[in-house]
Structures are given as C-alpha cells and as structure tokens.
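Here the structure of chain A is known, so what remains is to put chain B in place on it, guided by the hints.
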Amino acid sequence: DGGITQSPKYLFRKEGQNVTLSCEQNLNHDAMYWYRQDPGQGLRLIYYSQIVNDFQKGDIAEGYSVSREKKESFPLTVTSAQKNPTAFYLCASSTRGAGGQDTQYFGPGTRLTVL
Amino acid sequence: AQSVSQHNHHVILSEAASLELGCNYSYGGTVNLFWYVQYPGQHLQLLLKYFSGDPLVKGIKGFEAEFIKSKFSFNLRKPSVQWSDTAEYFCAVNRYTGGFKTIFGAGTRLFVKA
Numbered sequence: 042d043g044g045i046t047q048s049p050k051y052l053f054r055k056e057g058q059n060v061t062l063s064c065e066q067n068l069n070h071d072a073m074y075w076y077r078q079d080p081g082q083g084l085r086l087i088y089y090s091q092i093v094n095d096f097q098k099g100d101i102a103e104g105y106s107v108s109r110e111k112k113e114s115f116p117l118t119v120t121s122a123q124k125n126p127t128a129f130y131l132c133a134s135s136t137r138g139a140g141g142q143d144t145q146y147f148g149p150g151t152r153l154t155v156l
Numbered sequence: 005a006q007s008v009s010q011h012n013h014h015v016i017l018s019e020a021a022s023l024e025l026g027c028n029y030s031y032g033g034t035v036n037l038f039w040y041v042q043y044p045g046q047h048l049q050l051l052l053k054y055f056s057g058d059p060l061v062k063g064i065k066g067f068e069a070e071f072i073k074s075k076f077s078f079n080l081r082k083p084s085v086q087w088s089d090t091a092e093y094f095c096a097v098n099r100y101t102g103g104f105k106t107i108f109g110a111g112t113r114l115f116v117k118a
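In order, the protein sequences belong to chains A and B.
If you count by the numbering used here, then the first sequence holds residues 42 to 156, one letter each, in order.
If you count by the numbering used here, then the second sequence holds residues 5 to 118, one letter each, in order.
Keep in mind the hints are simulated off the structure, nothing from the lab.
Heads up, the beta-carbon is just placed ideally off N, CA and C, and yes, glycines get one too.
There could be a bad hint or two in this list.
Unchecked claim - Okay, the calculated beta carbon distance ranges per label pair: (1) A:55 <-> B:55: 40 to 48 angstroms; (2) B:21 <-> A:55: 46 to 54 angstroms; (3) B:49 <-> A:71: 14 to 22 angstroms.
To be verified - Listed below are several chain B residues computed to face chain A (Cβ distance under 8 angstroms; list not exhaustive): (4) 99; (5) 109; (6) 111.
Excised from the complex, chain A in its bound form:
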C-alpha cells in the first residue's frame, strides 16, 4: 500500500523538552510538507522540502526544525522555543511538477500535547 505514515498518533511531552515527529512516505514523491492544524485556523505551513537535502521555512517556522536526508523521510522537531506546541501536526507529500498544480497527499497526523 502506498501512502504516508506518521508516528506516533498521540504524543505527550513535558514543557521544555524537544520532541521529534516522524513522517515517512513510499509514494516516491520529491516534495514533502509539515502543517500545523489548530481549531478554527485551518492548516498552516511550517516547513517544506522540494528535494533531498533542501528545505524552506513556511509561514510559522519559528520553534521548529526539520531535516531531509532521505527522499522518503521528513522528520519535524518541535523545540522548547516553540511557544505553543500543543497542536495536531500533519505531514504531506506531492510530486514536484511545474506550476504548483500538484495534489498533496496527507498522513493521518500526530496530536502533540505538551504538559
């Protein structure tokens, strides 16, 4: 089955700890994305990567970091610098066609709660 997996589904951390969310895809997509979803605010882009070893900040990158060492993997680290980390995090991937017309395919999400 092709798709995107995110683990874990639920994650609890103490305030001040860094935490890394996993995202893996077997769709052979070049581009991968991390979004944060909060009630009433839709999805906001944290980071995106269009190719291995390259990534760009999205609209709300402060307090987050990413790496893209392999095509199929795009882990997101929520650092202690993120002021309000409790949220639902969605990972997505797409082909990297010209023109921004590519459909994004989403994972099931990770709900992070910082206590």
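Chain B only, in chain A's frame:
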C-alpha cells in the same frame, strides 16, 4: 493581509438539501485552487482542483466547484447531500512566491442529518 476565507465554519443540513460552501481568496495573478476533504477518522484528501480552462470543475462524489475570477471565489457545491458527506472541507490556494506555496482556509465542518 493575503488570505483564503471560508465563510461558514459550521454547516448543518438535512439529507437531500443542496450545499454551497464559500471560498474567497485575496491573491492576484495566477492561482491554482483546491478543495480538500477530511472525513471522520480518515486522512485529508483531494476533492477537486482547478488550474485553467472550464471554470466549472467536477470532483469526486458528485461535488463541483466554480471559479469566478472577478470575484476571487471558488465555491464548492453539491445538489443533494448525503449523510456520508459529513466531513470537514478545506479550500486551498497555491500560488507562486519564489516557490509554490499552498495556503489553506480555516475549514468548514459540515454535518448532514439523516
């Protein structure tokens, strides 16, 4: 500020009622438009998309959307909803800003009463 606006956050309909969900964006120039849907317990998935050509696009499960350039709108419609259409619907706009980025609206939760 540039944005994607979905007018209704919650919509409740009875089965067989007609549906129209509004979406407006404030970006000029060329845009690519999408509607995504998240059914309960499922991943967010594409419903339909528009790039060019016929401004009336058809998607899965009987949904359609109309692009009206002069109104900066991309409203989603379905003539007769079913209980299984209960979901959250997101409008999204992809445009070039030194790279293509997708901006999502806040979402509309639709509940269809059986």
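Classify the hint on residue 99 of chain B as holds or violated, based on whether any CB of chain A lies nearer than 8 angstroms to its CB. holds (7 angstroms)
With 40 to 48 angstroms as the target window, see if residue 55 of chain A and residue 55 of chain B comply at their CB atoms. Cβ of residue 55 of chain A to Cβ of residue 55 of chain B: about 46 angstroms, so the range 40 to 48 angstroms holds.
Between residue 49 of chain B and residue 71 of chain A, is the Cβ distance one that fits in 14 to 22 angstroms? holds (20 angstroms)
Less than 8 angstroms between beta-carbons is the criterion; does residue 111 of chain B satisfy it with respect to chain A? holds (5 angstroms)
Given a cut of 8 angstroms on the nearest C-beta pair, is the interface hint for residue 109 of chain B held or broken against chain A? With a closest approach of 5 angstroms, the residue 109 of chain B hint holds.
Just tell me: holds or violated, for the beta carbon distance of residue 21 of chain B and residue 55 of chain A against 46 to 54 angstroms? Given range 46 to 54 angstroms: holds, Cβ gap about 48 angstroms.
Against the hints set out earlier in the document, no violation occurs for any number.
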